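Novice: Top line first, the protein sequences correspond to chains F and A. Numbering follows the working numbering, in which position 136 of the first sequence is assigned residue number 136; successive positions increment by one, without gaps. Numbering follows the working numbering, in which position 159 of the second sequence is assigned residue number 159; successive positions increment by one, without gaps.
It should be emphasised that the hints constitute simulated quantities derived from the structure, not laboratory data. Warning: the hint list may mix true and false statements.
Repeated chains share a single entry, so a pair holds when one copy, or any two copies, can fit it.
List time: in silico SDA-like cross-link candidates among lysine to any residue, alpha-carbon distance up to 25 Å [claimed, not checked]:
id	residue 1	residue 2
1	Lys67	Arg28
2	Lys24	Val55
3	Lys125	Arg16
4	Lys91	Gly20
5	Lys91	Leu34
6	Lys91	Arg16
7	Lys67	Pro38
8	Lys24	Asp13
9	Lys67	Asp39
10	Lys24	Asn35
11	Lys103	Arg171
12	Lys24	Gly151
13	Lys24	Ser82
14	Lys91	Ala32
15	Lys125	Ile5
16	Lys131	Val21
17	Lys103	Val159
18	Lys91	Ala6
19	Lys24	Ala42
20	Lys24	Ala40
21	Lys125	Gly20
22	Lys91	Arg17
23	Lys24	Arg98
24	Lys24	Arg160
25	Lys24	Val178
From a predicted model like this one, the values you see are computed outputs, not experimental measurements.
Chain by chain, the residues:
There are 2 protein chains.
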Amino acid sequence: MAEYIAPIQRLIDEFRRIPGVGAKTAARYAFAVLNLSPDAAAGFADAIIGVKRDVHICPVCFGLSSKAESCEICSSPDRDASVICVVEDAKDIITMERIRGYKGVYHVLGGVLSPLDNVTPRDLKLAELDKRVREGSVREVIIATNPTPKGDTTAAYIVRMLEDSGVRLSRLAYGIPVGANIEYADDVTLSRAMEGRRFFENKSGI
Amino acid sequence: MAEYIAPIQRLIDEFRRIPGVGAKTAARYAFAVLNLSPDAAAGFADAIIGVKRDVHICPVCFGLSSKAESCEICSSPDRDASVICVVEDAKDIITMERIRGYKGVYHVLGGVLSPLDNVTPRDLKLAELDKRVREGSVREVIIATNPTPKGDTTAAYIVRMLEDSGVRLSRLAYGIPVGANIEYADDVTLSRAMEGRRFFENKSGI
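This is chain F alone, in the form it adopts within the complex (with noise of 0.2 Å):
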């Protein structure tokens, strides 16, 4: 490997902690800081400073928060505390806004069902989960994992955990992706849309 002055070398393996850089990316990013205002790398480093300082967890959801006490979507008067979509990551909560059309609110399990790398229930915020529902006025609970085999696992143990609570449990559909061709749908996806299959109301034709 080549030899960088230690200053630079320190930084470039603070870029490596971050998964999937490498080390030649790594190196492009130093150099790019380098180059920076010394205000300009002040700022920097003060938004890492302050991403940590500055993001609480949400006493409610688990989501993330600007201010200690529950998140801008579990205060907010506008959003149906009744309906609550489970996801897996915080991350997911900025991908599930992104539809617009959702107006309920979410429960973030903080990872998924993996006993081979030691995450159990006790690891995730499921009896949080459960308690929400069973204390709360909760209609209905979507379950919004990845159709992975941990995402199904970990959704097969919520069902589970909650088919004698009374809400409505639902998953979010799996199947082609619109726009997408049939042709280029691998197996997994096709049988998954074939199950999932919508029967149309005998009036509407086919």
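Please build the complex by placing chain A on the supplied structure of chain F, with the hints as guidance.
Specialist: Below, chain A without anything else, positioned relative to chain F:
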């Protein structure tokens, strides 16, 4: 665009200052930083401050130095100060050092001549190179600017500037990369390889 809470959006914007980092990548990096321990995040922030504070420009070669005086290469008794390799950027020194065989010193121009971008000889360390060559006991100047139109122009400028100085002037050989196939070489590289062809001594056969 998705809406992130302010401290995260701020860090995303900082990451986007790095050339080549787009919105999605910056968001991924910001969340990776959010997942660091507070100590690790503080270390990252400090490394950014450190690279601006502790990296100096060598007053001899204009490369990067971890001290305010001349850099490790210029102050090393093992390096031959009579051979100067002229490079565009400080980063290029790291690249050249990879071949290990080179025992001379360097001179960083800090860019290439580019009239369209208002980069004139005065914006580069060309007068400093001229002074260094004429005042010192320099024997050879190896021009290692990139084989681009701007790199070529800059090399031609240096040759004109130093041709009456009495030192040997050379430029890195450009041609087919080792291990590459002639079939896939582009026309410019191929004609450079032809121009730079090396003649075998009659004694050594073909």
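Novice: Give me the numbers of the hints this structure contradicts, sorted from smallest to largest.
Specialist: 3, 13, 16, 21 and 24
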